[in-house]
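Trainee: One-letter residues, chain by chain:
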Amino acid sequence: MLLKRLKILWWNHKFWFILTVILVVLVILSILGLASLESFFQQQILGTLPLEFLKAIVWSILGAWFFVILVYRYGSPLPSIRAGKIKGTDVTVSFNDVIGLSEAKRDAMEVVQLIRDRARVKKIGGKLVRGLLMVGPPGCGKTYLAKAIAHEAGVPFFSVAGSEFVEVFVGVGASRVRKIFQMAKQAAFVHGGAIIFIDELDVIGQQRTFSFMGGQETNSTLNQLLVNMDGLAKEEAGNVIMIGATNAAEAILDPALLRPGRFDRKIMISKPNLKDREELFRYYMKKVKSNPAIDVGRLARKAVHKSPAEVENIVKEAALIALRHDREEVDVKDLVEAMERVDIGLETHLDLTPAERERVAYHESGHLLVIYCQHPTDDVFKASIKTRGGALGVVYHSPREELFTKTRDELFANVKAALAGYVSEKIKFGVTSTGVGSDFENAMRLAHAMVWNFGMGSNGFVGDFTVIPENQISNDVKNRLNDEVQALLHQGAKEVEEFLRKERDLLDIFARTLLEKQELDYDEIEAIFKAHGKERLTV
Amino acid sequence: MKSELKVKSKKGKGAVYLFNRENLTFYLLLFTFSLSLVFPGCNWKIKPTYRDKKIASDIEQMCFKEYRLSVRAHREGNTLEAYLWRVGLLQPGRTEMMPEAADALERVLLCATRIALSTDARLQFVEVKMSDVLSGASVTLWRYVPDIRDSMYTRMAEEEYINRLVMEVKPGTGNVSILTPQWDPPLTMDEFLAKQVILRAKRSSPVSIVAHEDLSVPQTLVIVMDNWPAIEKEGDPEKVTGILEMSARAVLRGYHYPGFQNIIIQNSSGEAVRQARL
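Residue numbers (the numbering used here), protein chains in the order written: chain A, 1 to 539; chain B, 1 to 278.
Careful, some of the hints might be misleading.
[Stated by the list, open to error] Listed next, with one range per pair, are the computed distances between beta-carbon atoms:
id, chain 1, residue 1, chain 2, residue 2, range
1, B, K54, A, I31, 21 to 29 Å
2, B, K54, A, F67, 36 to 44 Å
3, A, F67, B, E168, 58 to 66 Å
4, B, G93, A, E52, 48 to 56 Å
5, B, E158, A, W59, 46 to 54 Å
6, A, W59, B, N262, 37 to 45 Å
7, A, L19, B, T188, 26 to 34 Å
8, B, E158, A, L34, 46 to 54 Å
[Said to hold, decoys possible] Partner residues aside, some chain B positions facing chain A, computed with beta carbon under 7 Å:
id, residue
9, F31
10, I46
11, T113
12, L117
13, A121
14, Q124
[To be verified] To list a few chain A residues with every Cβ distance to chain B over 10 Å, as calculated:
id, residue
15, L6
16, F53
17, D202
18, R259
19, D276
20, H397
Hint data in this document are derived by calculation from the structure and do not stem from the laboratory. Small disclaimer: the values here were computed from a predicted structure and weren't measured. Idealized CB from N, CA, C, for every residue including glycine.
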C-alpha cells in the first residue's frame, strides 16, 4: 500500500521530485567543493555570491527580454504550428463517402457552392460565408465532412487541432493563429480559395475569463482568432473560409465567436438515424468479407445511438472476432458479439451456486417476458445469465429506433420492465434477493420523474415540482407526490405479477432454457415465443 | 459588472494566495538571495585553513605531499621563510638557474603563497631560499603578502606582480652547511623596497649593474654602485643613475611608501654621484 502511494506521489510530482533531487545534489556538491577549498578561496566565493546572484538575475532578464523580442519579431522558435496544408484535389473523401448526415451534407454543399461561385454571389450582392461551425457528438463525421467540403471545393485545406494553439508562453497561440491565417491567405491568393479547419475548436473558443490567475494565453489566442476572422471580410483577405468543429455545447463557446460575420453558418451533426445506420453498416461491411445473408436492418436497430465511428469499430472488431474463430467471413454472431463487448462488457466467470443461478435465471426471464410482451418500443436482443462486470445476468434490449420523446405508457413500461425481476423472484421463491437493487433504483427514478417532473401521476398534480424551491413546497404536497410514486410502483408491480402468473409456464420454460444454455439470442427468444403463440408487442 | 465582481473577490482572497505554489519559486529565489547576503553582510569569517602556530610545519608538509620536496621552514616575525637544498643550482659559470631548480623554487613559492593567503598569521613577507649543497650558491625570493592578495583580487596587473617579486642570487662561497639552514633575519619594508628598486633598475638598464643598498641613513635610500668603474667605462653613467632614480620613484609610488624621503646613489668609492628628493 505504501509502495503504491509512493508511486502515485511520484507520478503526480515527478517534476518536483527530480528538481528537488538535482538541487539537493548540487547543493551537497557545492558544499563539498567549497569545503575542499582553502579559506581564502572560500571567503572569495562567498564574498562574491551576492554579485554573482545579481549578475545571474540581470542576465536572465536580459535573456528573456531578448527571447521575447525574437519571438515577436521573427516568430516563435518553439515548435511551430503543424498546420498540414493539403491540396483540395489530394483529399480523397467526397460527399458520396459521407454516409448519412443528409441535412449536414446539404448545408455543406451550399457552402461549397458559395466558395466556387464567390464572384457570382458578390455580383448580386449576396452575403459571403466566412465561417462554418459544425457542432455534434464525437465520432459523427465532422472532420470527414470538412474533408469532403475541401475535396468538393477543390481548394487547399489547412487542418489544425485546437490544442496545437495551446502553449505555456503567452502570445505563442496568438502568433500561431496569425501564421495559419497568413498561410491560408497566401494559398487563397494562389488557388482562388482556402479552407482553415480547426478541430476541437472549444479548446481555444471557450468563453474568455477575466481574472488575475491566468487564462491570458487562451484569451489572447481567442482574441487573435476573432480579429483574424473579422479580417476575412476584407477584400484583401481573399477567399478564405473557416470551419470549426466542436463536440462541446454551444453555450461554452464565446458569444463573440458565434456572432454573424464570424461563424455565419452552423451545421448540427447528430447521431445517425436508423436509415443512416443501415447505410453505415452496409458501407463498412463492404470493406470486410461478410456473410451476405446478414440482416443489416436488425443490426441497425440494435445499434441505436451509435455514432458512425462506433459502427465502424463494431465491424472491425467483428472481423477480428471472426479471425479468432478461424472463420473466413464475418457473420452476424461476430457482429453481435462485437456490439455486446462494447455495450455490456466481457464475461467475468463468477462461480454462482446452483440456487443462485436458478434465481438469476428467473429474475432475467421475468424481465425478458415483460419487455417482449409488454414494452411498446424496445426489442429484446439477448438474455443471459453469464456474469459480466458486476452484473449476474442481463437482458439486453434497446429501442427499435431512436426516440426523442417518451409517452407515459413507454415510461411506465420501463418501470414495469425494471420491476419484473423482483416480481418473478417473488412468484417463484416467495422471497426476493439483493439482486433487485439496481432494478429498484431504475424503477424508482423513473416513477419519481413521472410524478415530480412530468405530471404523469393520477392524483391530478400537473407541473414540474422539482423547480420549486425546497422551502416553498409543503410537506403535504411532497407526501402526496411521494405517495403517488409508490402508487405507480405498486400498480406496475401488480400488473407485472398478474402477467407473469398468467404466463407462469413460459416463465419456467425461459428460466430452464437459460439455465441450460446460459444465453439466448434474438432468434432463439423469438422461436420460443412463437412456439407458444406469443408475438412482440409493436405499436 | 461580472468581471468587477471577480476582481473584487480575488482581491479579498489576496492573503490566501500569498503562500501558494505559484509564489514558491519567488520565495525560493528570495531565500537564496538573502542567504547569499548573510556571509558578507555579517562579515562572517571562515576558519583559516592554516593556523598561525602551524604554518611552518604546514608548508613543509605541503611541499612534501604535493611535490615531494624536502623543505625546512621557519617563521621569524612577519616573515615566513622556507629553505631547501639542491645539488646544482646555477648553470656552470653563469648566474642563471638550472631549469629543474627554478621549477622547484617556483613550486615552493606557490606553496608559501597559498599558505600566506589562507592563514590567520600576520605575515608581511614570504621568503623562499634555495642553496646549492656543493657550491653554497643561493637564490632567494621575497614576496610581499599584500601584493599576493592584490593579485588574487585582480587589483594589480600581472606584469606588475612579476616586477614586484624580489630575487637575490649569491654565488657560491664553498662554505656549505648542509644540516643547519642559514635563516635570514626578518626582512623590513625598507630592505624589500631597496632590493626591488635595484632589481628593477637591473632589468631596464642597458648596462650591467652590480649594486647593494645601504640603509644606515634614516629616511634615505642609499644605493652603492659596486661596478661603477665598469659603468663609467661602458658608456653613460648618468643614464644608469637616472634609471635607478626612476625605479625608486616607481616603486615608492606603487607602494605609497612614505619611509624614504631622499635617494643617494654612490659610486664604489662612497662618493655620491646622484642624489634627489623622493
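Trainee: Could you check the structure against the hints above and give me the numbers of any it violates, in ascending order?
Mentor: 2, 5, 6, 7, 8, 9, 11, 13, 14, 16
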